[in-house]
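**Student:** The listed protein sequences correspond, in order, to chains A and B.
So the first sequence is numbered by this note's numbering: it starts at 787 and just counts up by one.
So the second sequence is numbered by this note's numbering: it starts at 787 and just counts up by one.
Just so you know, the hints here were simulated from the structure itself, not pulled from any lab data.
Keep in mind that the hints are not guaranteed to be accurate.
The list cannot tell twin chains apart, which means a pair is met if one copy fits it or any two copies do.
SDA-like mimics (lysine to any residue), calculated; alpha carbons at most 25 Å apart, straight line [as the list claims (entries may be wrong)]: (1) K799 with N961; (2) K810 with V938; (3) K1089 with Y881; (4) K1175 with P1049; (5) K1175 with D916.
Protein chains: 2
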Amino acid sequence: MKSNKAPGNGTEKREYRFAPRMEKTPKSFIREILKVTENPDIISFAGGLPNPALIDVEGIAKATARVLSDDGHSVLQYSTTEGYLPLRRFIVDRYKKRLGLSVLPEEILITNGSQQCLDLIGKVLISAGDHIAIERPGYLGAIQAFSLYEPVFHPVNLDNNGPDPAMLRDTCRQNDIRLFYGVPNSQNPSGVTYSEERRKEIAGILKQTDCLYIEDDAYGELSFSGRSLPSLRQYIPQQTIITGSFSKILAPGMRLGWIVAPPEVMEQIIIAKQASDLHSNYLSQRIAFEYLCQGTIDTHIAKIQEAYKNQCECMLRVMSDTFPDSVTWMRPFGGMFVWITLPEGCSSMDVFDAALKEKVAVLPGVPFYIDGGGNNTMRLNFSNSTDQKIISGIGRLARVIKIECGD
Amino acid sequence: MKSNKAPGNGTEKREYRFAPRMEKTPKSFIREILKVTENPDIISFAGGLPNPALIDVEGIAKATARVLSDDGHSVLQYSTTEGYLPLRRFIVDRYKKRLGLSVLPEEILITNGSQQCLDLIGKVLISAGDHIAIERPGYLGAIQAFSLYEPVFHPVNLDNNGPDPAMLRDTCRQNDIRLFYGVPNSQNPSGVTYSEERRKEIAGILKQTDCLYIEDDAYGELSFSGRSLPSLRQYIPQQTIITGSFSKILAPGMRLGWIVAPPEVMEQIIIAKQASDLHSNYLSQRIAFEYLCQGTIDTHIAKIQEAYKNQCECMLRVMSDTFPDSVTWMRPFGGMFVWITLPEGCSSMDVFDAALKEKVAVLPGVPFYIDGGGNNTMRLNFSNSTDQKIISGIGRLARVIKIECGD
């Protein structure tokens, strides 16, 4: 036996040999933080949950009862890897209506939430040592998913209008960048929405390369104005892969997302999906479609937009009233987060620790930076809060910041 | 830009660069075959579906209505990566009761069907070039899932009592085998159930090595006798990872499986699961638990066992009556399949083609062999058939075999 480990007798402590890719995954920092903040006494702005009060439980329960009574034996049986065709057609129609975007049902596959899109993209497109680019700060879930495929990450700074074009161009010139991952609408964590001009510019740069744009559109429907900006697929259709999610507009517990990719890429994604878990939850797919057919989804989404806009406004107002002037932030166009920059040299980890003692939880920004930095940044979630909690929690946080960072 | 590809202008046919791992995945042979056999005029023994008539739609609908009305906002929200704790505790209790096996809830994680267990095991344990062993013939879903992590496969022949101990010992001596994947109960595709003696022997061999045993127990509850044989975890607890499934006893469309692993391995599996899709469908987990609490699951499983036993008996009887003596098979102890060996030199692909013309579909055995061979084998599914279809379909198949293979 070639192993140099002592043979086990079944009782002593074994040493396991894990695939080296597991060492590349960032420590599950957020998971640890969220555990700390589970205490119900704590006002938490650390998580990223939609407001449960805005889940239409009654409508979903009705849709569920209907699919189970009309077609129970089929909705509980195995199904196709690509996903329920009528649901994919619904997504096609919605792209047409919302963005004027042409997508074929064959270009869509239903996933277990949009996090799985990132895993499938990694499987199909990333080999160890491949170069990929990501926004700075970048979505932690993507960093975690892609890290398992051992790429070399290159950061592209975000400003108020989107990714820095010069930095993206240079990065692509200096490296064979396989894909650039971004969240163009209400980015997580920064809240930035790319301007239309910037979208065109980014697409123009990518068009000159072999680099694919991974457009994570988890928050596209959560724009406060209800207005949608074009997908990069509009400009570079063969180079854009879109990931979508029903978690923010329907219900996260159903774990339904989707991926849109050109046919040649989709062919590989189907193979990867089949090997990964055969197909997505068919019961949930059928419930979602039945629910969406009720025709109330636009009203429901408008209600979410309005509620999150108000919660965001409340948080920004209390921040303006109580935070020292040295603390800055960007006004989000939508989504669920406000991104805060503390004065240079003030550590958001210290603020986190001190705030926790005051029973308020924030999310330090460090894990969103693949290349270090971001020590003075933090993310605040407003979607899963009430005005009362926001007023009380932000007030306490302001006092902590004044002590930690100076007034 | 370092790529040697011509820059795209957005309209011409692009060439995509996929990760080399995608080339390692076997062509989706079964998928293609199943497409051919979707025609409702065809009597298909090619698939692997449970009998939809044995899904307790009414019971599941009741459980669903209850969780949505009692706790709707919570069951539709995000949840934990490990899965719903009461469901994991139910699994713990069932292992205790059914197998006398001690498992901690912390050693269990809920997956999207047991196929996802295989993907997570690949992620955590297999690097390109690692040596792994698999039964010959071996489960195709495992070959597909593991292939994406680019191991070197080593086959271990199956006989009536399980894997060949001498071959396993030699393989472990000659290579640093990281894991050995097997299906000890009603194996897919062969129907073999390891004898108790052989289980001890296999465990004894593995105990002298660093090799983990991946015990895929998708069919453990489908033993025709209702009797269960010990898990290898009984003998080598720290070296055994078990994968389980609710697909065969509850409903496949809910995509619920689980993985049992020692704590140090589980820690890595949780990280991989979080990166892969955050957590499994929470609504389905809650429905499953609510359903299982009704206390009717044992009666329901007994009903499935009885039905499959009868369908299997029917198939074996018609085969005995009509197949030429040169065709052999093993009597399954449970599960959903009969494994057929045609006379040497007779191709099951030819039988497949000829049978399809007679509107009967079988599954050729070739893709279950990682090292070639198996040309004269095929798998027949009996779980998703009626006696009438079995009598008519096997009769037609017998005529085809006589023509293709001689009488």
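**Student:** Give a verdict on every hint.
**Tutor:** Verification of the supplied hints:
no. : hint             : in the structure
1   : K799 with N961   : between (44 Å within a copy, 24 Å between copies)
2   : K810 with V938   : both (11 Å within a copy, 23 Å between copies)
3   : K1089 with Y881  : within (20 Å within a copy, 46 Å between copies)
4   : K1175 with P1049 : neither (47 Å within a copy, 38 Å between copies)
5   : K1175 with D916  : neither (45 Å within a copy, 52 Å between copies)
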